[in-house]
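Novice: Spelled out, the chains give:
There are 2 protein chains.
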Amino acid sequence: MEKKDETQHHEPELDQVVNPWQVSAKDGGKIDYDKLIDQFGCQRLDQSLIDRVHRLTSRPPHVFLRRGVFFAHRDFNDILDAYEKGQKFYLYTGRGPSSEALHLGHLIPFMFTKYLQDAFKVPLVIQLTDDEKCMWKNLSVEESQRLARENAKDIIACGFDISRTFIFSDFDYVGGAFYKNMVRVAKCVTLNKVTGIFGFSGEDHIGKISFPPIQAVPSFPSSFPHLFQGKDNPRCLIPCAIDQDPYFRMTRDVAPRLGYHKPALIESSFFPALQVYV
Amino acid sequence: MEKKDETQHHEPELDQVVNPWQVSAKDGGKIDYDKLIDQFGCQRLDQSLIDRVHRLTSRPPHVFLRRGVFFAHRDFNDILDAYEKGQKFYLYTGRGPSSEALHLGHLIPFMFTKYLQDAFKVPLVIQLTDDEKCMWKNLSVEESQRLARENAKDIIACGFDISRTFIFSDFDYVGGAFYKNMVRVAKCVTLNKVTGIFGFSGEDHIGKISFPPIQAVPSFPSSFPHLFQGKDNPRCLIPCAIDQDPYFRMTRDVAPRLGYHKPALIESSFFPALQVYV
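Heads up: the protein sequence lines correspond to chains A and B, in order. Going by my numbering, the first sequence wraps up at 309, each residue one higher than the last. Going by my numbering, the second sequence wraps up at 309, each residue one higher than the last.
Looking at chain A on its own, in the form it has when it is part of the complex (with noise of 0.2 Å):
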């Protein structure tokens, strides 16, 4: 049974830290999932649910499904239940342009996503998120969005449908129907409530404690109106790595307020550093 307020289940864990900023364990350098799952209040990504992957879209599942590296879900059950019944969704990523080149981890949700997009023939709109690199990294406006533009060249290798794709940097496309539902976005989320989530300090600036707004409302198809005007408020599922949970914590709590169903996740481990643990 869900709890009505996800974000209530984060508590601070000693042990091990996982957030979008920061991803350290315990002794021994793993990170504990089952843990982490508890933690985050998200739920397992089971093999019936996996078999019925399989039944839906007439292929084989995902090597990353069968092997555990996408390992936890919200509400991916709903997903699989609209597309049964003929309904649409749509899957929302992102990269945070913060170097050069993108790296095997980096790739791991692209890969993911554009295995999905061909098994359920759906949009995907990708979101570079040039302001938050440019407000945590400390880098230029003008840097980041170079670093966007590079990035999107590795993104594109991927080989999305390009007839279905959307793929967007914040300094461009902020701005219109997308700055409308940040504001709405934003007065429902108390400073108490984002401190609580992603623990921000009084010596951190505003520009971060305004971002989660930003990374929140590419769930919303209202957000994309050249996209979505006319369709029936479709669903968005989310692939991602689950240190990015705590963004959709807070956008599933915020969006039946605003009318919009919560934005179901399908979340990966995280890639292993290329290092000897002794």
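By construction, these hints were calculated from the structure, which means they are not laboratory data. Misleading hints may appear alongside valid ones.
Any copy, or any two copies together, can satisfy a pair, since identical chains are not distinguished.
Stated by the list, open to error - Listed below are the simulated DMTMM-like cross-link pairs for lysine to aspartate or glutamate, each with C-alpha atoms no more than 25 Å apart in a straight line:
1) Lys66 <-> Asp192
2) Lys61 <-> Asp46
3) Lys262 <-> Asp185
4) Lys293 <-> Asp235
5) Lys293 <-> Glu173
6) Lys262 <-> Asp192
7) Lys262 <-> Glu173
8) Lys184 <-> Glu234
9) Lys57 <-> Asp109
10) Lys116 <-> Glu131
11) Lys168 <-> Asp284
12) Lys293 <-> Glu234
13) Lys262 <-> Glu174
14) Lys239 <-> Asp149
15) Lys152 <-> Asp235
These numbers were taken from a predicted model, which means no experiment stands behind them.
For this one, chain A is given, so just place chain B on it according to the hints.
Specialist: For chain B alone, kept in the frame of chain A given last:
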């Protein structure tokens, strides 16, 4: 001698409270404007400055100057220096559309701005903060936009030079160069800083905390590429009521770090309420 960080001037005064959301005086209901000038750290607009306006514009100073309705300023002398040297400046004022029509108090900055535009022949930007009122007054996005449009009609009726005036609603205009400047400002302002200036608490929603950069950036000409692109970083003069000073103390603190002039201010007292003091 101006202190480096003007935002430090603000100390809580228990006997009178003046900020963008609240104006309340001690017993008797009269604001002590001399005390306010000390508290905010701005300057009194004295007769020699008014005489200088007379000389420079070759026309009688506006009655709001002669009668002390506009009574305080920050760097207004620098604007006059620039004007005397033939350098450009522009005017920026605004309106938070919280009601259907403007009353006499609301009209004061617009009537005075119209005089400044006529006297100095300068461009003017007018910001309609429909996003602010949506966030503070619990209006819907649609209702805030409707009020902005209604208010724009009253503002236009003041008779601005249409070839030199740009009126915009935040919901329409935020994005692009404007949004980039919002992010640049937000990076320079900590949560502690805005809490000190505006008195936010943990129960305030993050829309309020995100807003100060939106009111700040019309002070920077690069926020309006269609007006000022290629122009030589013109100075900005802001006519407003003195309750808006906190926004621009923050803006003036940030401006030099981003390579802009500090905006200058010319500030009015409050329109007396139509009530009997006993």
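Novice: All hints, please: hold or fail.
Specialist: Hint check:
1. For the identical chains of this complex, lysine 66 and aspartate 192 are neighbours neither inside a copy (37 Å) nor across copies (65 Å), given an alpha-carbon limit of 25 Å.
2. For the identical chains of this complex, lysine 61 and aspartate 46 are intra-copy neighbours only, at 11 Å inside a copy versus 58 Å across copies, given an alpha-carbon limit of 25 Å.
3. In the homo-oligomer, the alpha carbons of lysine 262 and aspartate 185 never lie at most 25 Å apart, since the shortest distance is 30 Å inside one protomer and 38 Å across protomers.
4. Taking CA atoms no more than 25 Å apart as the test, lysine 293 paired with aspartate 235 passes between copies only; the shortest distance there is 24 Å, against 29 Å inside one copy.
5. Proximity of lysine 293 and glutamate 173 under a CA criterion of 25 Å is satisfied inter-copy only: 23 Å between copies versus 34 Å inside one chain copy.
6. Proximity of lysine 262 to aspartate 192 under the C-alpha cut-off of 25 Å is restricted to the intra-copy arrangement: shortest distance 20 Å within a copy versus 43 Å between copies.
7. In this assembly of identical chains, lysine 262 and glutamate 173 lie within 25 Å of each other by CA distance solely across copies; the values are 20 Å between and 35 Å within a copy.
8. In this assembly of identical chains, the alpha carbons of lysine 184 and glutamate 234 never lie at most 25 Å apart, being 36 Å within a copy and 42 Å across copies at closest.
9. Neither within a single protomer nor between protomers do lysine 57 and aspartate 109 lie at most 25 Å apart by alpha-carbon distance, with minima of 34 Å and 59 Å respectively.
10. Taking the shortest Cα distances, lysine 116 and glutamate 131 never come within 25 Å of each other, neither inside one copy (42 Å) nor across copies (46 Å).
11. When the C-alpha separation of lysine 168 and aspartate 284 is checked against a cutoff of 25 Å, the pair qualifies only between copies, where the shortest distance is 22 Å, while the shortest distance within a copy is 28 Å.
12. With identical chains, the CA atoms of lysine 293 and glutamate 234 are at most 25 Å apart between copies only, with a shortest distance of 24 Å across copies and 32 Å within one.
13. For the identical chains of this complex, lysine 262 and glutamate 174 are inter-copy neighbours only, at 24 Å across copies versus 36 Å inside a copy, given an alpha-carbon limit of 25 Å.
14. With identical chains, the CA atoms of lysine 239 and aspartate 149 are never at most 25 Å apart, being 35 Å at best within one copy and 42 Å at best between copies.
15. For the identical chains of this complex, lysine 152 and aspartate 235 are neighbours neither inside a copy (41 Å) nor across copies (42 Å), given an alpha-carbon limit of 25 Å.
Violated hints, listed in ascending order, are 1, 3, 8, 9, 10, 14, 15; each of the other numbered hints is respected by the structure.
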